[in-house]
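The residues making up each chain are set out below.
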Amino acid sequence: MSDKKKASLLVQGYEVVIGFETHAQLATQSKIFSRAPTAFGAEPNTQACAVDLALPGTLPVMNREAVACAIRLGLALGSHIAEQSVFARKNYFYPDLPKGYQISQFEIPVVQGGEVSFYLGDEKKSVRLVRAHLEEDAGKSLHEDFHGLSGIDLNRAGTPLLEIVTEPDIRSSAEAVAYAKELHKIVTWIGICDGNMQEGSFRCDANVSVRKPGEPLGTRREIKNLNSFKFMQQAIDYEVRWQIEQIEDGLAIQQATVLFDPDTGETRAMRTKEDAADYRYFPDPDLPPLVIERSWVDEVKASMPELPRQMAERLVADYGLPEYDATTLTQSPAMAAYFETAAKASGQPKMASNWIMGEVSRRLNNEEKDIAQAPVNAATLAALLKRISDGTVSNNAGKQVMDALWAGEGQDVDAVIEAKGLRQMNDAGALETIIDEVMAANAPMVEQFRAGKDKAFNALVGLVMKASKGKANPQQVNDVLRQKLG
Amino acid sequence: MSLTLSDIGRIAHLARLEMPPAEAERMLTQLNGFFDIVEQMKAVDTTGVEPLAHPTAVIDHVSLRLRPDVASEPNNREANQKSAPAVERGLFLVPKVIE
Amino acid sequence: MSDLHQWGVAELAAAIADKKTSSVEAAQALLARARQHQNLGAYLSFNEDLTLAQAKAADARIAAGERGPLLGVPLAHKDIFVTQGFPSTAGSKMLQGYQSPFDATVVANLAKAGAVTLGKLNCDEFAMGGSNENSAYFVARNPWDTARVPGGSSGGSAVAVAARLAPAVTGTDTGGSIRQPASFCNVTGIKPTYGRCSRYGMIAFASSLDQAGPMARSAADCATLLTAMAGPDIDRDSTSLDHPAEDYSRLLGSPREGASAAQPLKGLRIGLPKEFFGEGCAPDVLAAVRGALAEYEKLGATLVDISLPRTELSIPVYYIIAPAEASSNLSRFDGVKFGHRAAQYEDLLDMYKKSRSEGFGPEVQRRIMIGTYVLSHGYYDAYYLKAQQIRRLIAQDFQDAFAQCDVIAGPAAPTTAWKIGDKTDDPVANYLADIFTLPASLAGLPGMSVPAGFGAGHLPVGLQLIGNYFQEAALLQTAHAFQQTTDWHFQSPEGF
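Chains as they are written, first to last, in my numbering: chain A, 43 to 528; chain B, 36 to 134; chain C, 1072 to 1567.
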């Protein structure tokens, strides 16, 4: 990054340093160490079996699919997948942690290294991963009052998680959100996580610190449970400003865990925990080491879908699209498939890209719809694009056709064009006649143009379009008018 | 190796055990006595020796068995909560958890 | 059937199959006898209705023509195994009245074979102890001298067999808790190879050491029980070995390969670790053990001097690893989902501390403290990691020894049973008494204790036999051959 760019990211002269920890709930049928179901929203403790409740005598048995998910993530991120990794116990007491320890991975995680690349604006970024490891989720504490008590629901206890940890490579809140969105895209793309942030399937913690450029890393505070992209940026921005204010006031930053309050827009430290909790990690004696053979990794690799990044590169190569377009279009397998269908059928990849990123996406966002719910399918869009590119309708008329199609007025592009009378005039003779008429009726304007006033040209074009009731092909009008004006 | 009373306090807290002063003193003596025996371990040369976490790993490769991803445990809430100290509407009740 | 209690498993099973008695009759007789001898403190709980229902069901299976070596046979389970219908306390106030919604796999296996549960047996709290004095409920008494301990932690189990309250029982062995009480009470017991029996449903003490095993009056009966108990539990225990189930009785009564009926143990090399026969062992114990070894020689075995040089180190190594694992395994006892919750507390932290301090006895708290300390930040490498490294060296020592012998023998314990109360002031002295049983536990090797005679005061002495991994059948064969020509194991205490 250029110094100028680096400088432009500084906040009040401070460099922002962010590392992310994301907990992605894996979309398995059963829990990581028990055979209880993982479905969201069940009645309390109806999906917490003896193993999940840590009843005396219970033991963990590993879910193969959870490991497969880890392998898929590792392949997607270009990480090293450990041939042998170890499960360790993280010991602490909390009511939503039934065993009094969490089975996680400590010294030897299943996925090591890797990176996530994405675009921030039109700049390509890459955030390095330290590791991703498998662990079990805890239950939930419900704080609605039970006469001053908390209610513990252990349905979620034992749900498989992948904890994905980055190096502190992120330098702004915008970059953080872009990273999180890309990671979210990847885990949903490869089908290991349903990405439902409201349900807690994808939870982000941001480790934030500030420093003057060139100085060692500042003390970081951890913002926990950032479960929406919108609040993520707000929270980080607030935290950064807060830390800078502290430092400017001569106060040291204490390491702390903080929560973001969306109502106040502020981060506040959680009740001070014991400094650096002693988790007494040790390898879990109930679980022998996890061995992943090369052959299994190869098998998983062969069954992986084309990843968003590769697909984006292919779209650039095959369709000549700009990187930005390719990245946007590969936001989901469905969107990418929509594009490819439309591009192939219409033979107009760039136009297809523009229309999908523009007209289609705008309508989808307004209606909070997914591409899968678009009332206009890719084939229909392709038909419309064809009619624009062959001059049957102008681009503007095309938008009106889209309005009609989107509103459900049929799926036949030609029928809609006819019904709305949007057919562009392509008859050269008729056009010449109109132009001659306009020129004749507006001789002073013609003189002005010939005298050097360029603006007059556009006015004349406007008059021709009006005279043709919008049906003239603007490009044709341009060409012929210029010719006649000399 | 000598522990102190403050060690006893710290460990008792980590283990969520009460340790009133008289008990702490007694525990301190007993633990120090125990750790005297443990000193012998220091003299053993263990350079390059892999820890033995699973005993039969001495004779055989021990690796984690993986089970198919099938949710086969039925809802057994009533039986599972039979010995629960405090339950309401299916939830385990505890003193308020302050974040 | 007034002497029904004198029968071992084989005789009882045969009598029930031949309709000389019924499972119901046998169960009733043994329940009555258990009540009669409650002063021994062997049993912690009963559920007579359930026992009789099980017995009825077994009788029905027999009436339908089914046969099996355990069908209808009443036995009892150490209270470390969770059982539906009987409370499961692990000898602790922490689990007073706890009702498990499932059975331990070992219990289910025995039930499938038709065994009937008489009740739950007393033990040291969470299997931590060597005398049953750490039971939170009451001590168990050695029927050979009721002022003395029966050993532990499977004290109640040993008492039940010794006093003929049950023909056979289950126990657990983490650092010697089957072998040592068997030795103190003149009972036969075996701890199989680590991972041979499922640990699912065994209330966990030290995960990498705990093993279930039978205790009975003879090696033959132990073999019958072990055959039913053992086997892979792929679905529920990740440390259960994927090794096919075996018939542990298959070598009983057969001479070794190349041996004769007269000298069935010819070719058997019995290794005697010099560390097991030194000053640390009481002379009366040594005398009984040597007497037993002489019998083995008569049966054709050869005695070989070997060394297990790190025997003494097994004490610190075990007493670091076991408490470390236990401290973590016992964290689930927090008063939230099950178990004891204090009646009064101010907040969550107070609830945890009071519940745990009230629910756990002093020895359990001590081991939790040790375990928490050795895992804590800054000490892990010097203690836990170091201990696991030495553990590997100890296991390798055994492999070196097995190059020179087939079976290792020695005393199961350095002394005979001591008086109740004698050792309660010095917990560390108790740890030192485990010296002969700990090494095989750390290595995960199978070990037996076989009645070998008596020491001073007519107190029983057990001979420990240690085999290589998966050599249970050979161990039982060896013990059985000895029991064919000696009668120590038939002897019962006066009045029982």
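No lab work stands behind these hints, which were simulated from the structure alone. Ideal placement from N, C-alpha and C gives every residue a C-beta, glycine not left out. Wrong hints could be hidden among the right ones.
As the list claims (entries may be wrong) - For each label pair, taking beta carbons as the anchor points, the in silico distance ranges come out as:
no.: 1; chain 1: B; residue 1: P109; chain 2: A; residue 2: K441; range: 43 to 51 Å
no.: 2; chain 1: C; residue 1: A1124; chain 2: B; residue 2: N110; range: 25 to 33 Å
no.: 3; chain 1: B; residue 1: N110; chain 2: C; residue 2: D1558; range: 52 to 60 Å
no.: 4; chain 1: B; residue 1: N110; chain 2: A; residue 2: E290; range: 28 to 36 Å
no.: 5; chain 1: A; residue 1: G120; chain 2: B; residue 2: N110; range: 48 to 56 Å
Next on the checklist: If you test the structure against every hint from before, which numbers come out violated?
Outcome noted: 1, 4, 5
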